[in-house]
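These protein sequence lines are chains C and V, in that order.
Read in order, the letters of the first sequence correspond to residues 1 to 432 in the numbering used here.
Read in order, the letters of the second sequence correspond to residues 1001 to 1432 in the numbering used here.
Hint data in this document are derived by calculation from the structure and do not stem from the laboratory.
Given the structure is predicted, the values throughout are model-derived calculations rather than measurements.
Glycine included, each C-beta is placed from N, C-alpha and C at the ideal position.
Some hints could be false.
Stretches of chain V that chain C covers, calculated by requiring three or more beta carbons in the stretch to come under 8 Å of a beta carbon on chain C [to be verified]:
| # | segment |
| --- | --- |
| 1 | 1027-1038 |
| 2 | 1128-1139 |
| 3 | 1145-1154 |
| 4 | 1292-1302 |
| 5 | 1384-1392 |
There are 2 protein chains.
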Amino acid sequence: MNGGKPLKVALLGCGAVGSQVARLLSEQANDLSVRVGAPLELAGIAVRRLSHQRPGIDPALLTTDAVGLATRPDVDIVVEVIGGLEPARSLLLAAMKNGKSLVTANKALLAEQGEEIHAASREHGADLYYEAAVAGAIPLLRPLRESLAGDTVHRVLGIVNGTTNFILDRMDTSGADFSDALEEAQALGYAEADPTADIEGFDAAAKATILAGLAFHTRVTAADVHREGITEVTAADIASARQLGRIVKLLAICERSGSGVAVRVHPAMIPRTHPLAAVGGAYNAVFVEAASAGSLMFYGAGAGGTPTASAVLGDIVAVARNRLAGTRGPELSTYAELPVLPMGDTLTRYHVSLDVDDRPGVLAPVAEAFARHGVSIQAVRQASRGDEAQLVIVTHEARDAALAATISELTTLPAVRAVASVMRVEGEEEPS
Amino acid sequence: MNGGKPLKVALLGCGAVGSQVARLLSEQANDLSVRVGAPLELAGIAVRRLSHQRPGIDPALLTTDAVGLATRPDVDIVVEVIGGLEPARSLLLAAMKNGKSLVTANKALLAEQGEEIHAASREHGADLYYEAAVAGAIPLLRPLRESLAGDTVHRVLGIVNGTTNFILDRMDTSGADFSDALEEAQALGYAEADPTADIEGFDAAAKATILAGLAFHTRVTAADVHREGITEVTAADIASARQLGRIVKLLAICERSGSGVAVRVHPAMIPRTHPLAAVGGAYNAVFVEAASAGSLMFYGAGAGGTPTASAVLGDIVAVARNRLAGTRGPELSTYAELPVLPMGDTLTRYHVSLDVDDRPGVLAPVAEAFARHGVSIQAVRQASRGDEAQLVIVTHEARDAALAATISELTTLPAVRAVASVMRVEGEEEPS
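Only chain C is shown next, with the shape it has when bound in the complex:
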């Protein structure tokens, strides 16, 4: 069974993920050979600098000629773990044109230029697998693309960025404010020196793009995603959420909304009883609601060299099996062509905390402001603090634009001293 001709693997990139892929290909060679039906042989590793120290990697495999390696006639499978747009894009396109099967972990490229990449995969009949691009080790794309192929997905709610989850988790458990929690995350290696991609939600938005496309069989690009990071989440927001039995998480949300789909990344309050609420530290988890399957959740390590390499290896086995069988995996289907709604048209719920005068007659003008914009209030709670009072309002579902307009108006009311916090509420049944 494993006596067949070896399948040759070209590895593009040898960083945290790539070095682990190389190690596992060697350490697991016997198992992989039986599971695939032929040995997998590492044909070469494209790197930027040959001089780097790479313990455990045979220097003879290294090359700086990534294009040459990706298109080498004897290579069957190209694994791209460089990340970013270029040169990854050109390398993938060249490899597919040359009949290679592709495995990539490149979320940014798929989110920004997925259409071109998928079109090339179709044109050249090339396998294109990318389980590692979203939520690291967690098997998620294969279940969405294959296990739920006979179901209708309504909503995907995911914690898909470990750095921000670690920060929010610290803020929740220790009462720290954002900048202290970020510093701690950086000290522990959970956040990079330049944390922008994580804390501003770019990373989560790229993953939301990919998830929405798979879940709704619709073309979605990064520009379609409404994105807010966590830099403006305050210790007061976290405390206010806690008082109401909720917790703040940065969520990637993909959902059917009205006649289209809404794709967004923003901090939100979810009930502490929601399965996602217990996802702590740098873990990831994705909650899927489907018409027949009901609620599903997938949980695990969302990043890290070795966990991500596990997902890459699973894809390598899949494309290798396909290659031996002379077939390929299911294409990305975009037949549904649902419109991606602008954020203003998306239905959401708001949690609003106001600092108001502590005197009778304050609630009426506030309630009128909501009513004028057609926003229905679900719950109000008022707490006195000296001559000031805190007024917390949670709304029913409404168009996001109507909610935003309400907030604008609240800031103009004489009785409202400040809008202390505004945050969306997710993961709850719409109360009646």
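For this one, chain C is given, so just place chain V on it according to the hints.
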């Protein structure tokens, strides 16, 4: 894309799952057609009695000739949702012999006679998919078989029976004893009139058999599984677990242990902080530990007609795509051929609660009994209750046979009035 020749589906069984499969095939026809690349057409439904009322099912599709339907020359895909050993076994074998692709939800058959069924699938080159056989709607077998194909699974810990999870959940939240909680489960439809298969662990053991085979690439049959149900779990066990920050769950456990694999189903105490601890009611969840991926968890509805039908539909789409591509899914691999260890050789930890005399000098003979069997004690807690005391002992890992022998000896000690409870402890790092 969906203009191809229809693929014809024969449905064997029209109960809770079958009727939902029939409904979804009809309601989702357009989506399924695009996703598969050809329309799926329900060719017929084999039932035991034609006289039954079946709302929404076209009576012209019904037949009592299951063999005739499963082997009909125009049928491409046979879906078996009858359950049990016969006639399901004969029907599957006949269908594969006649070149059909197979989808089944039959855990009992795969656990008891999986070897024969898989051998027939290999011999006839027939696809055999059975995602719905374990944990209902939760995509679990495909991730194990494909996503983790490049990884090494160390352990699978699963809550795979909703009935027993509901009962234990009720006992934990309300303090009810087993018989009251069972009665409530029966009244609510979560337990059958004859609950034996669930409460004695047979259902969970069948699922453990299937999971262990996939996780360890090893032949496992139902007879290899050590099985204990929940009928002897007492309110006192539950209370004692709670005092120690643990909760009692019926677990299906598949793990590498020493030189082989251990497969077992029994109630166990797990820490309340473990992701499985929060899985309440009739939900299922499976926790997987793999060398590279780390800890993963899959959560969702483990039973019910519609959720299970979602998994069946996903498999129908997969085998239909394979059929159109002239290929088939990965075969069950059993190359590792690891020995399945007898329970006595399995490494476990015990939680033991003893009623003892409340006087000095009791602990010494108890500790000696453990030591004589080579069992190391991790923690001891003693609470006085009048002239009697409760002594709770949690052990380090040891051979199950040594632990069982220790318990036998404890019952003979003069100072020990009764062994009040013995339960295994799982899901914790072995403390040092």
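Three residues minimum, CB to CB under 8 Å: does the segment 1027-1038 of chain V make the cut for coverage by chain C? Let me know. holds (count 5)
Verify this for me: three or more residues of the segment 1145-1154 of chain V with a beta carbon less than 8 Å from a beta carbon of chain C. holds (count 7)
Are there three or more residues in the segment 1384-1392 of chain V whose C-beta lies within less than 8 Å of some C-beta in chain C? That given contact is violated, which follows from only 0 residues of the segment 1384-1392 of chain V lying within Cβ reach (below 8 Å) of chain C.
Are there at least three residues in the segment 1128-1139 of chain V whose beta carbon sits under 8 Å from a beta carbon of chain C? holds (count 4)
Within the assertion that chain C covers the segment 1292-1302 of chain V, do at least three residues meet a Cβ-to-Cβ distance smaller than 8 Å? holds (count 10)
Violated hints amount to a single one, hint 5; each of the other numbered hints is respected by the structure.
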